[in-house]
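Chemist: Hey, can you work out the whole structure from these sequences and the hints?
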Amino acid sequence: MKIKIEAPRIDEKELDISFAENVLKISRKDHVEAMVSPQESRNIVAQDARSKVARGVAARMAKTDDPVLIYGENGTGKGLYARSIHEQGGRKALPFVSVPCGAIDKHNTKQLMIDYLVKVGHGTLLLDGIQDLDIEMQRVLQKIIRIPVEQKYFRLLTTTSTDLYELVRKGFFSGELLTLIQGCYIELLPLQQRKEDIESLVTFYMEKICRSCGLESKTISPDLLSMLESYPWPGNVLELVNTIEQLLMTAQDKQTLFAKDLPTHIRIQTINSSAAQKKGI
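Our numbering runs 326 ahead of the 1-based position in the sequence shown.
Where hints are given, some of them may not hold.
[Claimed, not checked] Cross-link-like lysine to any residue pairs, in silico, SDA-like; alpha carbons within 20 Å at most: (1) LYS521 x ASP374; (2) LYS469 x VAL444; (3) LYS521 x LEU406; (4) LYS389 x LYS534; (5) LYS418 x ASN369; (6) LYS544 x PRO558; (7) LYS378 x VAL475; (8) LYS586 x THR545; (9) LYS432 x LEU406; (10) LYS432 x LEU443; (11) LYS389 x GLN468; (12) LYS534 x LEU406; (13) LYS436 x ILE470; (14) LYS469 x ASP431; (15) LYS521 x GLN595; (16) LYS418 x GLN468; (17) LYS418 x ASP391; (18) LYS445 x ALA429; (19) LYS436 x ALA385; (20) LYS418 x ASP392; (21) LYS436 x GLY509; (22) LYS378 x PHE530; (23) LYS521 x ILE597; (24) LYS389 x ASP374; (25) LYS580 x GLU513; (26) LYS389 x ILE461; (27) LYS469 x GLU513; (28) LYS544 x GLY561; (29) LYS544 x THR569; (30) LYS580 x LEU550; (31) LYS478 x ASP391; (32) LYS445 x VAL475; (33) LYS418 x ALA385; (34) LYS469 x GLY501; (35) LYS389 x LYS478; (36) LYS534 x ASP392; (37) LYS436 x ASP458; (38) LYS418 x ILE461; (39) LYS544 x GLN572; (40) LYS580 x ARG537.
Note that these hints are calculated values from the structure, not bench results.
Modeler: Listed below in C-alpha coordinates is the structure:
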(Lines of atoms letter the chains of each structure in order from A and count residues from 1; the text may use other names and numbers.)
(Lines give C-alpha, C1' and ligand atoms only; values in the text may rest on other atoms or scores of the structure.)
Protein backbone atom coordinates (compact mmCIF):
# COMPACT_ATOMS: atom_id res chain seq x y z
CA MET A 1 0.00 0.00 0.00
CA LYS A 2 1.34 3.43 -0.96
CA ILE A 3 0.40 6.49 1.04
CA LYS A 4 0.50 9.93 -0.47
CA ILE A 5 0.06 12.95 1.77
CA GLU A 6 -1.67 15.87 0.05
CA ALA A 7 -2.09 18.50 2.73
CA PRO A 8 -0.67 22.03 2.53
CA ARG A 9 2.16 22.90 4.91
CA ILE A 10 2.22 19.38 6.40
CA ASP A 11 5.23 17.20 5.77
CA GLU A 12 5.00 13.41 5.97
CA LYS A 13 7.71 13.53 8.65
CA GLU A 14 5.26 15.44 10.87
CA LEU A 15 2.83 12.49 10.92
CA ASP A 16 2.56 9.25 12.87
CA ILE A 17 1.26 6.58 10.47
CA SER A 18 0.30 3.07 11.56
CA PHE A 19 -1.72 0.21 10.12
CA ALA A 20 -3.15 -2.57 12.29
CA GLU A 21 -6.18 -4.83 12.09
CA ASN A 22 -7.18 -3.30 8.75
CA VAL A 23 -7.28 0.17 10.28
CA LEU A 24 -5.06 2.96 8.94
CA LYS A 25 -4.30 5.56 11.61
CA ILE A 26 -2.76 8.93 10.75
CA SER A 27 -2.12 11.55 13.42
CA ARG A 28 0.02 14.66 13.62
CA LYS A 29 3.04 14.54 15.91
CA ASP A 30 3.00 16.95 18.82
CA HIS A 31 6.08 19.09 18.16
CA VAL A 32 5.51 21.17 21.28
CA GLU A 33 5.96 18.06 23.41
CA ALA A 34 9.19 17.24 21.60
CA MET A 35 10.73 20.70 21.55
CA VAL A 36 9.82 22.10 24.96
CA SER A 37 11.43 20.63 28.06
CA PRO A 38 9.04 19.52 30.83
CA GLN A 39 10.81 22.12 32.96
CA GLU A 40 10.02 24.99 30.60
CA SER A 41 7.14 27.33 29.95
CA ARG A 42 7.39 30.25 27.57
CA ASN A 43 5.23 32.41 29.85
CA ILE A 44 6.72 31.64 33.26
CA VAL A 45 9.98 33.36 34.22
CA ALA A 46 12.01 31.53 36.87
CA GLN A 47 15.63 32.07 37.91
CA ASP A 48 15.23 31.59 41.64
CA ALA A 49 15.73 27.93 42.60
CA ARG A 50 12.33 27.71 44.30
CA SER A 51 10.62 29.32 41.33
CA LYS A 52 12.21 26.70 39.08
CA VAL A 53 10.86 23.96 41.31
CA ALA A 54 7.33 25.40 41.16
CA ARG A 55 7.54 25.75 37.38
CA GLY A 56 8.82 22.18 37.07
CA VAL A 57 5.99 20.79 39.21
CA ALA A 58 3.45 22.71 37.10
CA ALA A 59 4.95 21.30 33.89
CA ARG A 60 4.83 17.75 35.22
CA MET A 61 1.28 18.13 36.50
CA ALA A 62 0.23 19.41 33.07
CA LYS A 63 0.82 15.89 31.78
CA THR A 64 -1.77 14.50 34.18
CA ASP A 65 -5.47 15.13 34.73
CA ASP A 66 -5.18 15.42 38.51
CA PRO A 67 -6.58 18.45 40.34
CA VAL A 68 -4.01 21.12 41.24
CA LEU A 69 -4.26 23.70 44.04
CA ILE A 70 -2.09 26.79 43.53
CA TYR A 71 -1.36 28.92 46.60
CA GLY A 72 0.21 32.36 46.72
CA GLU A 73 -0.31 35.98 47.64
CA ASN A 74 -2.26 38.22 45.30
CA GLY A 75 -0.17 39.15 42.28
CA THR A 76 2.21 36.17 42.43
CA GLY A 77 1.01 34.71 39.13
CA LYS A 78 -1.41 31.96 40.19
CA GLY A 79 -3.61 32.51 37.15
CA LEU A 80 -0.58 32.40 34.86
CA TYR A 81 0.45 29.04 36.31
CA ALA A 82 -3.08 27.70 35.90
CA ARG A 83 -3.20 28.81 32.27
CA SER A 84 0.25 27.27 31.66
CA ILE A 85 -0.85 23.91 33.09
CA HIS A 86 -3.85 23.93 30.76
CA GLU A 87 -1.88 24.95 27.68
CA GLN A 88 0.79 22.29 28.23
CA GLY A 89 -1.73 19.53 28.90
CA GLY A 90 -3.78 17.12 26.87
CA ARG A 91 -6.89 19.33 27.05
CA LYS A 92 -5.21 22.43 25.60
CA ALA A 93 -7.52 22.45 22.56
CA LEU A 94 -10.60 22.37 24.82
CA PRO A 95 -12.17 25.28 26.75
CA PHE A 96 -10.40 26.96 29.66
CA VAL A 97 -13.04 28.50 31.94
CA SER A 98 -11.97 30.72 34.85
CA VAL A 99 -14.55 31.20 37.62
CA PRO A 100 -13.94 34.13 40.01
CA CYS A 101 -15.31 32.59 43.20
CA GLY A 102 -15.71 35.96 44.89
CA ALA A 103 -18.26 36.96 42.25
CA ILE A 104 -20.50 33.90 42.61
CA ASP A 105 -23.98 34.72 43.92
CA LYS A 106 -24.45 32.67 47.10
CA HIS A 107 -28.19 32.42 46.40
CA ASN A 108 -27.62 30.95 42.94
CA THR A 109 -24.46 28.90 43.46
CA LYS A 110 -25.87 25.60 42.19
CA GLN A 111 -27.20 26.90 38.89
CA LEU A 112 -24.12 29.03 38.22
CA MET A 113 -21.79 26.06 38.77
CA ILE A 114 -23.91 23.86 36.53
CA ASP A 115 -23.73 26.54 33.83
CA TYR A 116 -19.93 26.68 34.19
CA LEU A 117 -19.65 22.91 33.90
CA VAL A 118 -21.72 22.93 30.73
CA LYS A 119 -19.47 25.65 29.34
CA VAL A 120 -16.19 23.90 30.19
CA GLY A 121 -17.25 20.48 28.86
CA HIS A 122 -14.16 18.23 28.95
CA GLY A 123 -11.79 21.21 29.20
CA THR A 124 -10.21 22.88 32.23
CA LEU A 125 -12.15 24.59 35.01
CA LEU A 126 -10.27 27.13 37.16
CA LEU A 127 -11.85 28.03 40.50
CA ASP A 128 -10.04 31.31 41.17
CA GLY A 129 -9.91 32.44 44.80
CA ILE A 130 -11.82 29.52 46.31
CA GLN A 131 -11.27 30.94 49.80
CA ASP A 132 -13.99 33.49 48.97
CA LEU A 133 -16.74 30.85 49.10
CA ASP A 134 -18.54 30.53 52.43
CA ILE A 135 -19.02 27.09 53.97
CA GLU A 136 -22.54 26.62 52.55
CA MET A 137 -21.38 27.49 49.03
CA GLN A 138 -18.50 25.07 49.47
CA ARG A 139 -20.91 22.24 50.27
CA VAL A 140 -23.00 23.02 47.19
CA LEU A 141 -19.87 23.13 45.04
CA GLN A 142 -18.59 19.85 46.44
CA LYS A 143 -21.84 18.02 45.64
CA ILE A 144 -21.81 19.27 42.04
CA ILE A 145 -18.18 18.63 41.13
CA ARG A 146 -17.25 15.55 43.22
CA ILE A 147 -18.18 12.83 40.74
CA PRO A 148 -17.00 14.70 37.58
CA VAL A 149 -13.65 15.48 39.28
CA GLU A 150 -13.17 11.93 40.55
CA GLN A 151 -13.96 10.54 37.10
CA LYS A 152 -11.78 13.24 35.48
CA TYR A 153 -14.61 14.34 33.24
CA PHE A 154 -12.88 17.76 33.19
CA ARG A 155 -9.61 19.13 34.58
CA LEU A 156 -9.91 21.07 37.86
CA LEU A 157 -7.48 23.79 38.88
CA THR A 158 -7.93 25.96 41.97
CA THR A 159 -6.19 29.04 43.34
CA THR A 160 -6.15 30.51 46.81
CA SER A 161 -4.38 33.37 48.56
CA THR A 162 -5.27 32.00 51.99
CA ASP A 163 -3.97 28.98 53.91
CA LEU A 164 -6.88 26.58 53.44
CA TYR A 165 -5.55 24.18 56.09
CA GLU A 166 -5.86 26.97 58.64
CA LEU A 167 -9.41 27.70 57.43
CA VAL A 168 -10.28 24.01 57.81
CA ARG A 169 -8.89 24.06 61.35
CA LYS A 170 -11.06 27.08 62.18
CA GLY A 171 -14.15 25.52 60.58
CA PHE A 172 -14.35 28.00 57.72
CA PHE A 173 -13.45 25.56 54.94
CA SER A 174 -14.59 22.04 54.16
CA GLY A 175 -11.90 19.42 54.71
CA GLU A 176 -13.62 17.13 52.21
CA LEU A 177 -13.58 19.83 49.56
CA LEU A 178 -9.89 20.53 50.23
CA THR A 179 -9.10 16.84 49.74
CA LEU A 180 -11.06 16.86 46.48
CA ILE A 181 -9.35 19.90 44.93
CA GLN A 182 -5.80 19.14 46.04
CA GLY A 183 -4.38 16.39 43.89
CA CYS A 184 -1.17 18.42 43.90
CA TYR A 185 -0.17 21.58 45.79
CA ILE A 186 1.98 24.34 44.25
CA GLU A 187 3.11 27.27 46.40
CA LEU A 188 4.22 30.51 44.73
CA LEU A 189 6.44 32.65 46.94
CA PRO A 190 6.04 36.43 47.16
CA LEU A 191 8.40 38.37 44.92
CA GLN A 192 10.24 39.76 47.95
CA GLN A 193 11.44 36.21 48.70
CA ARG A 194 12.68 35.50 45.16
CA LYS A 195 14.70 38.55 44.22
CA GLU A 196 16.71 36.49 41.72
CA ASP A 197 13.67 36.52 39.43
CA ILE A 198 13.42 40.31 39.23
CA GLU A 199 16.00 41.03 36.52
CA SER A 200 14.61 38.29 34.27
CA LEU A 201 11.05 39.44 34.89
CA VAL A 202 11.95 43.03 34.03
CA THR A 203 13.68 41.96 30.80
CA PHE A 204 10.82 39.63 29.80
CA TYR A 205 8.03 42.14 30.37
CA MET A 206 9.92 45.11 28.94
CA GLU A 207 10.39 43.23 25.68
CA LYS A 208 6.79 42.03 25.69
CA ILE A 209 5.31 45.48 26.35
CA CYS A 210 7.60 47.17 23.82
CA ARG A 211 6.54 44.69 21.13
CA SER A 212 2.84 45.06 21.87
CA CYS A 213 3.02 48.88 21.95
CA GLY A 214 5.35 49.29 18.97
CA LEU A 215 8.13 50.80 21.09
CA GLU A 216 11.86 50.49 20.49
CA SER A 217 13.69 48.14 22.84
CA LYS A 218 15.10 49.77 25.95
CA THR A 219 17.66 48.92 28.60
CA ILE A 220 17.81 49.61 32.32
CA SER A 221 20.70 51.10 34.26
CA PRO A 222 22.42 49.30 37.17
CA ASP A 223 21.00 51.83 39.66
CA LEU A 224 17.46 51.14 38.43
CA LEU A 225 17.93 47.38 38.72
CA SER A 226 19.39 47.81 42.20
CA MET A 227 16.37 49.82 43.32
CA LEU A 228 13.95 47.34 41.78
CA GLU A 229 15.68 44.52 43.67
CA SER A 230 15.58 46.50 46.94
CA TYR A 231 11.88 47.42 46.81
CA PRO A 232 9.63 44.96 48.77
CA TRP A 233 6.93 44.65 46.06
CA PRO A 234 3.83 44.21 48.25
CA GLY A 235 1.82 43.78 45.05
CA ASN A 236 4.24 41.11 43.84
CA VAL A 237 4.75 40.42 40.12
CA LEU A 238 1.57 42.27 39.19
CA GLU A 239 2.90 45.47 40.78
CA LEU A 240 6.25 44.98 39.07
CA VAL A 241 4.61 44.60 35.65
CA ASN A 242 2.47 47.69 36.21
CA THR A 243 5.59 49.64 37.23
CA ILE A 244 7.46 48.52 34.10
CA GLU A 245 4.53 49.55 31.94
CA GLN A 246 4.43 52.99 33.60
CA LEU A 247 8.17 53.39 33.08
CA LEU A 248 7.91 52.58 29.39
CA MET A 249 4.92 54.82 28.80
CA THR A 250 6.71 57.83 30.33
CA ALA A 251 10.16 57.07 28.90
CA GLN A 252 9.41 58.69 25.54
CA ASP A 253 12.62 58.57 23.45
CA LYS A 254 14.92 57.40 26.22
CA GLN A 255 16.90 54.29 25.34
CA THR A 256 18.07 53.66 28.90
CA LEU A 257 15.89 53.89 31.99
CA PHE A 258 17.28 55.08 35.34
CA ALA A 259 16.25 54.90 39.00
CA LYS A 260 15.08 58.52 38.85
CA ASP A 261 12.42 57.42 36.32
CA LEU A 262 10.68 55.23 38.90
CA PRO A 263 7.42 56.37 40.56
CA THR A 264 8.11 58.61 43.55
CA HIS A 265 6.63 56.26 46.17
CA ILE A 266 8.94 53.44 45.13
CA ARG A 267 12.05 55.65 45.26
CA ILE A 268 11.11 57.13 48.64
CA GLN A 269 10.30 53.78 50.26
CA THR A 270 13.46 52.15 48.93
CA ILE A 271 15.68 55.02 50.03
CA ASN A 272 14.09 55.12 53.51
CA SER A 273 14.41 51.37 53.88
CA SER A 274 18.07 51.49 52.86
CA ALA A 275 18.76 54.31 55.34
CA ALA A 276 17.05 52.39 58.15
CA GLN A 277 19.14 49.30 57.44
CA LYS A 278 22.35 51.31 57.59
CA LYS A 279 21.30 52.69 60.98
CA GLY A 280 20.44 49.19 62.18
CA ILE A 281 16.78 50.02 62.72
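Chemist: The structure should be examined with respect to each hint, and the outcome stated for every one.
Modeler: Hint check results:
no.: 1; hint: LYS521 x ASP374; verdict: 7 Å, holds
no.: 2; hint: LYS469 x VAL444; verdict: 16 Å, holds
no.: 3; hint: LYS521 x LEU406; verdict: 19 Å, holds
no.: 4; hint: LYS389 x LYS534; verdict: 27 Å, violated
no.: 5; hint: LYS418 x ASN369; verdict: 15 Å, holds
no.: 6; hint: LYS544 x PRO558; verdict: 24 Å, violated
no.: 7; hint: LYS378 x VAL475; verdict: 28 Å, violated
no.: 8; hint: LYS586 x THR545; verdict: 14 Å, holds
no.: 9; hint: LYS432 x LEU406; verdict: 27 Å, violated
no.: 10; hint: LYS432 x LEU443; verdict: 17 Å, holds
no.: 11; hint: LYS389 x GLN468; verdict: 25 Å, violated
no.: 12; hint: LYS534 x LEU406; verdict: 15 Å, holds
no.: 13; hint: LYS436 x ILE470; verdict: 8 Å, holds
no.: 14; hint: LYS469 x ASP431; verdict: 17 Å, holds
no.: 15; hint: LYS521 x GLN595; verdict: 17 Å, holds
no.: 16; hint: LYS418 x GLN468; verdict: 25 Å, violated
no.: 17; hint: LYS418 x ASP391; verdict: 12 Å, holds
no.: 18; hint: LYS445 x ALA429; verdict: 17 Å, holds
no.: 19; hint: LYS436 x ALA385; verdict: 32 Å, violated
no.: 20; hint: LYS418 x ASP392; verdict: 15 Å, holds
no.: 21; hint: LYS436 x GLY509; verdict: 23 Å, violated
no.: 22; hint: LYS378 x PHE530; verdict: 16 Å, holds
no.: 23; hint: LYS521 x ILE597; verdict: 17 Å, holds
no.: 24; hint: LYS389 x ASP374; verdict: 23 Å, violated
no.: 25; hint: LYS580 x GLU513; verdict: 38 Å, violated
no.: 26; hint: LYS389 x ILE461; verdict: 32 Å, violated
no.: 27; hint: LYS469 x GLU513; verdict: 27 Å, violated
no.: 28; hint: LYS544 x GLY561; verdict: 24 Å, violated
no.: 29; hint: LYS544 x THR569; verdict: 15 Å, holds
no.: 30; hint: LYS580 x LEU550; verdict: 14 Å, holds
no.: 31; hint: LYS478 x ASP391; verdict: 7 Å, holds
no.: 32; hint: LYS445 x VAL475; verdict: 15 Å, holds
no.: 33; hint: LYS418 x ALA385; verdict: 13 Å, holds
no.: 34; hint: LYS469 x GLY501; verdict: 14 Å, holds
no.: 35; hint: LYS389 x LYS478; verdict: 13 Å, holds
no.: 36; hint: LYS534 x ASP392; verdict: 32 Å, violated
no.: 37; hint: LYS436 x ASP458; verdict: 16 Å, holds
no.: 38; hint: LYS418 x ILE461; verdict: 32 Å, violated
no.: 39; hint: LYS544 x GLN572; verdict: 14 Å, holds
no.: 40; hint: LYS580 x ARG537; verdict: 16 Å, holds
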